[in-house]
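J.: Residues per chain, in single letters:
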Amino acid sequence: MRSIGKGIPKLDGIAIATGKPVYTEDLAVPGALTVKILRSPHAFAKITSIDVSGAEKLAGVECVLTYKDVPGIRFTTAGQSYPEPSPYDRLILDQVVRYVGDEVAVIAAVDEKTALKAMGLIKVEYEVWDPVLDFEQAAGHPSVVHPEDDLHCNYDIGLDREKNIASTHLTEAGDVEEELRQCAVIVEETCYTQAQAQAMMETYRAFSYLDHADRLTVVSSTQIPFHVRRILSRALQIPAGRIRVIKPRIGGGFGGKQTAVAEIFPALVTLKTGKPAKIVYERKETFTCSNSRHAMRLKVRLGADREGYIRAVDIQGLSDTGAYGEHAPTVFSVAGEKTLPLYNKTNAVRYTGHAVYTNKMPAGALRGYGATQGTFALETAVNKLAAKLNLDPAEIRLRNLIREGETSLLHSDHPLGSSSLHRCIEKGKEMIGWDEKYPRRDAGNNKVRAVGMAVTMQGSGIAGLETASAEIRLNDDGAFSLLIGSTDMGTGSDTILAQMAAEVLSTEVENIIVHAADTDVSPYDPGSYASSTTYVTGMAVVKAAEDLKQQIIRSGAGLLNAPPEAVAFDGETVSTKDGEQSISLKKLAELLVLGAGKHQLAGIATYGSPVSPPPFVAGFAEVEVDRETGKVDLIDFVAVVDCGTVINPNLAGVQAEGGIVQGVGMALFEEVRYDHRGNLQTNSFMQYKIPCRKDIGGIRVAFEESFEPTGPFGAKSIGEVVTNTPAPAIVDAVYNAVGVRITRLPVTPEKVFMGMRSLL
Amino acid sequence: MQIEVTINNKKTTLEIEKDELLADTLRANGWLSIRKGCDSSSCGLCTVWMDGKPVLSCSVFSFRAHGKSITTIEGVRGEAGELARFLAAEGADQCGFCSPGLLMTVLAMKRELPDPTEETIKHYLTGNLCRCTGYIGQLRAIKKYLGVA
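Protein chains in written order, with our numbering: chain A, 1 to 760; chain B, 761 to 909.
In case anyone wonders, no lab produced these hints; they're calculated from the structure. Here the structure is a predicted model, which is why all the values come from computation and not from measurement. Among the hints, erroneous ones may be present.
Simulated crosslink set (EDC-like; lysine to aspartate or glutamate; CA at most 20 Å straight-line) [to be verified]:
no.: 1; chain 1: A; residue 1: 117; chain 2: B; residue 2: 842
no.: 2; chain 1: B; residue 1: 882; chain 2: B; residue 2: 872
no.: 3; chain 1: B; residue 1: 770; chain 2: B; residue 2: 799
no.: 4; chain 1: A; residue 1: 20; chain 2: B; residue 2: 875
Label-pair restraints from in silico Cβ distances [to be verified]:
no.: 5; chain 1: B; residue 1: 871; chain 2: A; residue 2: 188; range: 37 to 43 Å
no.: 6; chain 1: A; residue 1: 51; chain 2: B; residue 2: 790; range: 35 to 41 Å
no.: 7; chain 1: A; residue 1: 571; chain 2: B; residue 2: 907; range: 48 to 54 Å
no.: 8; chain 1: A; residue 1: 168; chain 2: B; residue 2: 824; range: 56 to 62 Å
no.: 9; chain 1: B; residue 1: 790; chain 2: A; residue 2: 435; range: 40 to 46 Å
no.: 10; chain 1: A; residue 1: 633; chain 2: B; residue 2: 875; range: 22 to 28 Å
no.: 11; chain 1: A; residue 1: 5; chain 2: B; residue 2: 826; range: 41 to 47 Å
no.: 12; chain 1: B; residue 1: 775; chain 2: A; residue 2: 272; range: 29 to 35 Å
Ideal placement from N, C-alpha and C gives every residue a C-beta, glycine not left out.
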C-alpha cells in the first residue's frame with residue numbers, strides 16, 4: 001500500500017491553521033445585507049399582532065419579514081434523504097412560536113447596528129400559552145405544541161400530534177416478557193442522558209445572492225449541501241434547479257450542521273429583495289436557537305442466567321425532541337439499533353418508546369445520534385449486572401458480545417462482517433492496567449482511584465437507503481480531479497478519500513485535486529453524517545477510480561495498438577507487458593484531452609451499501625474521586641478502536657481523541673439547562689462548560705484492526721463511535737470508587753456527594 | 761473617530777466607531793484570520809498581539825489600539841507555518857477555525873515562557889478552546905515544536 005495506512009497530513013491543514021480566508025464568512029459578498037432575527041421571548045405563544053412599520057421606516061433597513069410574508073408550506077430542516085422521516089412541522093416564520101428563541105421576524109439591513117436597531121422597533125403582542133417543559137409530562141399534556149392541522153409526515157412515524165408524540169418506535173425479536181420471567185438474574189436501571197450542545201467553534205452562518213442567471217446561490221457552513229438545496233426548494237417554493245448550494249471549509253459541525261439551521265433566512269431575503277444577504281449566528285443564538293442532542297430517559301431491563309449470559313434485553317425510551325421534530329424518529333431508533341445487536345446470546349430483545357414535543361429548543365443530530373444515549377443506558381445496566389453477578393465487567397462482555405461471523409436477533413440474515421472487539425477489550429485491559437487496578441485502590445488524602453469500562457458500536461452509513469456518488473477525471477496535465485459531495489468539516493475526509501483514489505490509481509495524493517462540495521458541480525452525496533463518508537463515499541471513490549483505471553488501460557492499449565489485456569498501468573506509464581512499447585500517463589492525458597484521442601476520461605460511480613458495518617470501541621476510564629467533595633478527576637482514558645483498516649492513522653487517532661473528549665464533556669460537565677419558564681440558561685461558554693485543556697488528563701487511543709469485507713480497503717467508520725464510551729465507563733469507575741452509580745448525566749460533584757451521603 | 765495603528769508592521773490610519781471592537785475593525789480591514797467564536801471573551805479564537813502581548817481582540821475597544829502595534833497571524837505567517845506543520849504532522853489541525861488564535865497564543869508563549877513544561881503549556885493555553893481535537897494531539901505537536909520532553 002502506498003497511500004492507505006499512511007499518516008498523510010490533511011490537504012488543507014497548513015492553509016487553514018495559518019488563517020487563510022476560506023470559511024463562509026470570509027467569502028461573503030461585499031455589501032451583503034446583514035440579516036438578524038427577532039426571536040420569541042416566550043416558550044409558547046401566539047402572535048396576536050405584529051407591527052413592523054417603525055422598523056421598516058428606519059434608514060438602512062431593506063426589509064422586515066414576518067409570518068405573513070412566507071409560504072404556508074411546512075417542511076423539516078433535518079438533513080435526511082427524501083422522503084425524510086422527520087415530520088414537516090415548520091414554517092419559515094409561524095404565527096405560533098414554540099420555544100424561547102423561535103423566529104418571529106427576519107430583518108435585513110445595511111449593517112448589524114441598523115438591523116439591531118430595527119429589531120427594537122418591531123412591536124409584537126403575544127397570547128402566551130402554558131408551555132410543555134418537562135418531557136416526561138409531554139405526552140397527553142393539556143398544551144399541544146403543534147396545534148396546526150397541516151403538519152405532514154412523509155410516511156407513518158407514529159406521530160400523534162394531539163398527544164405531543166412526534167414519533168413512536170418498536171423493534172422486537174422474541175418474547176421479552178416471557179424470557180425475563182425465565183431469567184435467574186434481572187437488573188433494571190433507568191438512565192437519563194442530557195441535552196448536549198455541539199459547540200463547534202464556527203457558529204451557523206450562510207450568505208446568498210442571485211447569480212448571473214438569476215439563480216439563488218447559497219454559500220453555507222453546512223454538512224448537507226444537497227439536502228439544503230432540497231429543503232430550500234420546498235420551503236421557498238422554487239425548483240431545486242434554481243438553487244445552488246456551495247460549502248466552503250467548515251469550522252466544525254458534529255451533526256449540528258446536519259440541520260439547515262440558518263440558510264433559509266438570507267435566502268428568503270435575497271429572493272424578496274434580489275440582493276445579497278448574510279447571516280452569522282452569535283454564540284448565544286447558536287446555543288439557544290439551533291439544536292442539541294436529544295435528552296432521553298431510557299429504562300433498561302436485562303435478564304441473565306447464572307453463568308452470566310444475557311438472555312433478554314428490554315429498553316423503553318422517551319426522547320425530548322423539543323419544539324420541532326428534526327431527527328426525532330431516527331435518533332430515537334438508533335439508540336436501539338446500535339445497541340441491541342451487541343449482546344447476541346439473547347433470546348429476546350425489545351426497544352420501544354416515543355419522541356415527544358416540548359416547548360424547548362429542538363433537538364437534532366449530534367455525533368453518536370442516539371447510539372451515545374443508548375450506549376450509556378445499556379452499558380450502565382450491563383455494568384450493574386456484572387456487579388450483581390460478581391463478574392468482572394470485562395469478563396461479562398467477553399462472554400456475551402457478538403463476534404465476527406455471528407448474527408444477532410435483529411440481523412439474523414446478516415452475519416457480522418468484521419469485529420475485533422474482543423481483542424479491543426483485551427488490549428484495553430492491558431493498556432490501562434485493569435487487572436491491577438480493578439475495582440479500586442486508596443489514593444490517600446481521602447481520595448480513591450478506580451477503573452470502569454464500556455463498549456460500543458455505531459454504523460457506517462445508512463444501510464439500504466443512502467447512496468453517494470464520486471467522479472474522478474484525468475486532466476490534460478496527467479493529474480486527477482476528484483469530485484465529491486461529502487463535506488469535510490475538519491475530519492480530514494477529503495484527504496482520506498484522496499488517499500483511496502491515489503491507492504487505486506497507483507499515484508501520490510499530491511496528484512489528486514479534491515473538489516467538494518457544490519451542488520452545481522459535485523455528484524450527489526447526502527453529506528457527511530451517519531459515519532458515512534469513509535465507508536459509503538469511500539466505496540464510491542474506489543469504484544470511480546477503478547473505473548477510470550480500466551479506461552486508462554483501454555485507452556493506452558488503443559494508442560499502443562495492443563489489446564487491453566496485453567498492457568499494464570503502474571501509475572505513471574501504460575506499457576505492453578512484453579516491455580516493448582509504453583506511453584506515459586502525461587502524454588496519454590494530453591492526447592486524450594487535447595488531441596487525437598478526443599475523449600477525456602472520467603470514472604464515475606454511485607455506491608450504497610445493503611449493510612452498515614459497525615465499528616467498535618472498548619473504552620476504559622480511570623478516575624480519582626474525592627470522598628470529601630464528590631469531585632471526579634479523569635486520570636486516564638484508554639480507547640481501543642476497531643474501525644476496520646485504518647486509512648490514515650494520524651487523522652483517525654485525532655478523530656478518536658476529539659470524540660472521546662466530547663464524550664468526557666457529556667459525562668462530567670455539559671448540560672443544556674432551562675429555567676422554569678423555558679429560558680435556556682446555558683447560553684455561553686461561561687455557563688456551558690466544554691472541556692478545556694486542563695480538564696483532560698491522559699487520553700490514549702489504540703487501533704485493533706479488523707478487515708471489513710464490504711468496505712474500502714477493509715475500512716469502516718470512526719467519526720461517531722468514539723464518543724460513546726466515556727460516559728458509561730466513567731460512571732462505572734465512579735461506582736467502583738465510591739459505590740454511587742450515577743444514572744443522570746452529567747456526573748457532577750454534587751450528585752456524587754449526595755449519592756455518598758445517601759449510602760451512609 | 762480616527763486611530764493610528766501599526767498592523768503587521770504597517771502604519772495605517774483607520775476610521776472607527778467609538779464602540780467598535782478590535783476584532784471587527786481588523787476583519788473589516790481585511791485581516792480575515794480573526795474569528796469570533798464566543799462573544800464572551802472565553803474561547804481565544806480572536807487572539808492577536810498588541811505590542812507583542814496576546815490579547816482577545818473581541819474584548820479590546822479599537823480606540824485602545826491607537827498608537828499601538830497589532831500583530832495578526834498574517835504578520836507572522838512564516839513562523840506560524842512552521843508551527844502549523846507540527847500540528848498537521850500529528851493530524852491535530854482538524855477544522856482549523858480555532859487555529860489562528862491558538863497559534864498566536866503558542867507563539868506568544870514561546871516568547872514568554874523560558875522553560876515550558878506540559879503543565880505550564882496547558883495552563884497558558886487554557887483560554888484557547890477547541891472542540892475538534894480533544895487537545896491531546898495539539899499538545900503532542902506543541903511539545904515537539906518547543907522541544908519539550
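J.: Taking the hints in turn, state whether each one holds.
T.: Hint by hint, here is what the structure shows:
no.: 1; hint: 117(A) / 842(B); verdict: violated, 45 Å
no.: 2; hint: 882(B) / 872(B); verdict: holds, 14 Å
no.: 3; hint: 770(B) / 799(B); verdict: violated, 28 Å
no.: 4; hint: 20(A) / 875(B); verdict: violated, 31 Å
no.: 5; hint: 871(B) / 188(A): 37 to 43 Å; verdict: violated, 59 Å
no.: 6; hint: 51(A) / 790(B): 35 to 41 Å; verdict: holds, 40 Å
no.: 7; hint: 571(A) / 907(B): 48 to 54 Å; verdict: violated, 38 Å
no.: 8; hint: 168(A) / 824(B): 56 to 62 Å; verdict: holds, 58 Å
no.: 9; hint: 790(B) / 435(A): 40 to 46 Å; verdict: violated, 60 Å
no.: 10; hint: 633(A) / 875(B): 22 to 28 Å; verdict: holds, 26 Å
no.: 11; hint: 5(A) / 826(B): 41 to 47 Å; verdict: violated, 55 Å
no.: 12; hint: 775(B) / 272(A): 29 to 35 Å; verdict: holds, 32 Å
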